[in-house]
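Chemist: Sequences listed follow chains A and B, in order.
Residue 117 in our numbering sits at position 76 of the first sequence, with consecutive numbering throughout.
Residue 94 in our numbering sits at position 79 of the second sequence, with consecutive numbering throughout.
Heads up, some of the hints might be wrong.
[Claimed, not checked] If you only want the chain A side, here are some residues facing chain B, beta carbon under 10 Å, derived:
(1) R60
(2) Y118
(3) P152
(4) T227
(5) K233
(6) L254
(7) A258
(8) E265
(9) S266
[As the list claims (entries may be wrong)] Reference excerpt, derived from the structure (chain B facing chain A, CB under 10 Å, subset only):
(10) L192
(11) P196
(12) G216
I should point out that these hints are in silico values taken from the structure, not numbers from a laboratory.
Because the structure is a prediction, the values reported are computed rather than measured.
For each residue, glycine too, the CB sits at the ideal point set by N, CA and C.
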Amino acid sequence: MKIIDIHAHYGSIPWTPNRGTSIKDMIGMLDEFHYERCIISSIEAIVYDIHNGNRETMEAVKADSRLRGYVTINANYVGESKAIVEEYVAKHGFVGVKIHPDYSHQPVDSPNTLEILAAVDKLGVPILVHTYGDGGVSDPVHALNVVEHYPDLTIILGHMGGDNWRGGIEVAAKGDNMYVDPCSCTQPHSDKIKEAKVRLGAERILFGTDLPLLHPAWALGMIESANITSREREMILCDNARQIWKSL
Amino acid sequence: MIVDANTIFGSMWPFERRDISLAKLKGEMARFGVDRALTLSAKGIFYDHIRGNDETKEVCLKDPRFIPALTVDPRLLIGHDEEIEGGKLEGFKILRLFPEYQGFTIRSSHVKRIAAKAMERDLPLMVPAREGMESVLELLRESRGLRVILAGVGYSDVAELLVAMEESPNLYVETRLLDSPDGIGMLVGKFGADRLIFGSGSPLGYVGSSLNLIRHAPISEAEKGAILADNITRLIGGV
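So here's chain B without its partners, still in its complex pose (with noise of 0.2 Å):
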């Protein structure tokens, strides 16, 4: 079993022409044996969150393969709390946050209350590395009890991680972009193996890469099942 715990899909990427559409994600899925993706619309991200999580939740009704991941863009002015909420009741299982496209930081103080909201109804957040681990461990102090999930950690982020996975037991890590078996050996060996994520960024990443970096990592088989499809599901609570 293979769960992709970062996945997106959508019409357009506006940045450049790629292809990111639900075909391609779901082309990619079945290349790969890959069972199940959170996943959620690009239009979410780029354009409006409410008209993107509908969309997400209608492809999700749709195919059982899919699991939705909510996002709510921080800089519109209300209505975040009633997003999440609704999100929640309607089955989105992780809060996604986008700061690298829409331009905020994870330390604003309105962006924290959304945090606060996502733990007050048991939804981990999946935010980017790229944020810096003293912005993720500030949300994790002060909402105790939040889980985050850091995605695309490279590998010169990994000494950092090193002691902010040690201060935070909430902290899990996405691995696409750890780009070394050895590392995820390393951190199995430091942490176990709960606390890993299988990602790959589909249909803008490698998922061959991405499941290489797993299957070549000097771990157990009962290891790379864990951060293949285990932990996320135990995370958000079944699949």
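Just chain A, with the same shape it has in the complex (with noise of 0.2 Å):
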């Protein structure tokens, strides 16, 4: 079966035991469950420095075929992620824009990540939004504010909420280009896959591990423990992030 990780990093995370957190592993993991892409951003971006963080992923996409980009920006760093993610889409090919509103402690709708998004817009590129939990900055409902200003930007909501995973679904269903990826171990809910399927259709639901934090073993087990077609399956773990990356 092919596979597309649409969510996956690259960097070290200490507090997981999984391997992937160098590039040799990462490959390894590749090959074991039979990749065909997998779209990574920096942890390192995510948590400390953006600029090396993207420097580092740059060159980790050079090491394998099947391996691609998203650059990683910060809200609290306007004028330095705009140019950012012009180099990187622009001149050296990244797919999509990761945005972490933890860290920056700014959701996906503040003034500044908007600012930004208006050049994620015009390369058209998609963003793939860290969304996890009810009230807070990563609350998936900030991603609505997004639709407005941008209504034809790509959005992922990653972990589809989380804990807040319902939320999630009904964010998504009210824009059209929004997509759910469902990664997440702690919320470990059997409906969950079924229930965004009976709501957005299977054709909005893509792929994702967060590897190396999650494991792709997990994930996968997710859509295999899922009461889906094996036409849905096949949507979900490749073709639907085909529909959306023409040319990944």
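Now that you have both chains on their own, put them together as the hints suggest.
Modeler: Have a look at this one:
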């Protein structure tokens, strides 16, 4: 079965026992699970330094033809983030933008983020937003304001809202260009994917793992455990991503 | 052979509309090739443990794939000892506590008495990892010989888990939320495979994910077999 993982990371996570934090380990994972493509963003860029992190991701992507990159922004650094987006997408072929509001403490609809998203919208690449919880900066509801400002922008709700996953589904239902990525092992609800399918259709669900924090074995098990058809499984694991990124 | 150490069944899941019926549980077991399951009625968690244990017993008597897990609600004023004594005689194999739903802590003195009784009757105790390693270690220190299965240990608990497993050889780990075949490999490398136990939380949790964690772990087939069936079988004295 073909797999496109639209939510993976490159870099070190000290508190996970998973391998996959070096490029060699990551390639081993791609081989083990027969990945066709894997889109990565930098952990360092999320938690510490957007410049070094994105640079390292660019080097990592060169190591294997199955890897693609998201450029990571930080809304506390508007000018630098805009420049980084333009550089990495236009010059280096990165295929999307990663936003993690928990670390910048800025929701995806903050004035700063919206200003950066103007540049992203012009480039026509999707954004992958970390969404988790109800009421905080990562509440998926913030994505609705982004849709108001940039109706053509493709938005992927990473973790589908996490413990607020039903909220994530409802938010996604309000925008045609919104997709959900249900990966999360702290909310092991066996009906999660089925409910997303019923509300949104299988075509709006994408396969992500959060590798190397979470493991592909877990995320694939979620898909295997869901009561969906084999065609829907193919769509989620690969074809839906191909619809978003035609030339991935 | 696969034995799932963590399943439930019932008519209603009170927090939301979920199908936790016995039929659903059986369907999941069939779909993923699970041969046997330790199970209990959710009635015993949310309503009345005596009625719930009766329902569990009835289901397990009718279908030999199911192995009965006992539960008691510590909030009930009296009768825990009798329920545990009786449960042991009737063939219940482990005792499960549900502080997350019943609003108590396993550090309470009346809960420690329940744990001591389980030890006396040679019933392993399963408690959720979210109670905290220190609370579990406290139980193990006070009831020497008690065997505790920690259910739902997450990847972020692993550092603390390593210390706890080192301190207490009677601490066992249910693997469903470790989210990490590599973490399982590390635990096996450090402590051997004998203290890891497969559980899925079915029908609420993902059986496929829980199984994948074991199947993709960098350990031998014999070690996988131990985690999937042999360890829990040994712990409860046969299935």
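Chemist: Holds or violated: is the Cβ of L192 (chain B) closer than 10 Å to a Cβ in chain A?
Modeler: Status holds, d = 6 Å.
Chemist: With 10 Å as the cut and Cβ atoms as the points, is K233 (chain A) at the interface with chain B?
Modeler: Holds, about 9 Å.
Chemist: Holds or violated: is the Cβ of G216 (chain B) closer than 10 Å to a Cβ in chain A?
Modeler: 6 Å, holds
Chemist: Under 10 Å, Cβ to Cβ, is where Y118 (chain A) needs to be relative to chain B, so tell me if that hint holds or is violated.
Modeler: Status violated, d = 29 Å.
Chemist: Min Cβ distance, R60 (chain A) to chain B: is it shorter than 10 Å?
Modeler: Holds. Min distance 5 Å.
Chemist: Have a go at the T227 (chain A) hint: is there a Cβ in chain B nearer than 10 Å to its own Cβ?
Modeler: 6 Å, holds
Chemist: Using the nearest Cβ pair, does P152 (chain A) come within less than 10 Å of chain B?
Modeler: Result: violated, 33 Å to nearest chain B Cβ.
Chemist: Does the interface hint hold: is E265 (chain A) within less than 10 Å of chain B, judged Cβ to Cβ?
Modeler: Where the cut-off is 10 Å and the nearest Cβ of chain B is about 4 Å from E265 (chain A), the hint holds.
Chemist: For the hint on P196 (chain B), just tell me whether its beta-carbon gets within less than 10 Å of chain A.
Modeler: Holds - the Cβ of P196 (chain B) comes within 10 Å of chain A, reaching about 5 Å at its closest.
Chemist: Could you check if L254 (chain A) really has its C-beta closer than 10 Å to a C-beta on chain B?
Modeler: 8 Å, holds
Chemist: Would the hint on S266 (chain A) stand, with a C-beta cut-off of 10 Å toward chain B?
Modeler: 4 Å, holds
Chemist: Would the hint on A258 (chain A) stand, with a C-beta cut-off of 10 Å toward chain B?
Modeler: 4 Å, holds
Figure legend: structure checked against the earlier numbered hints; hints not met, in rising order: 2 and 3.
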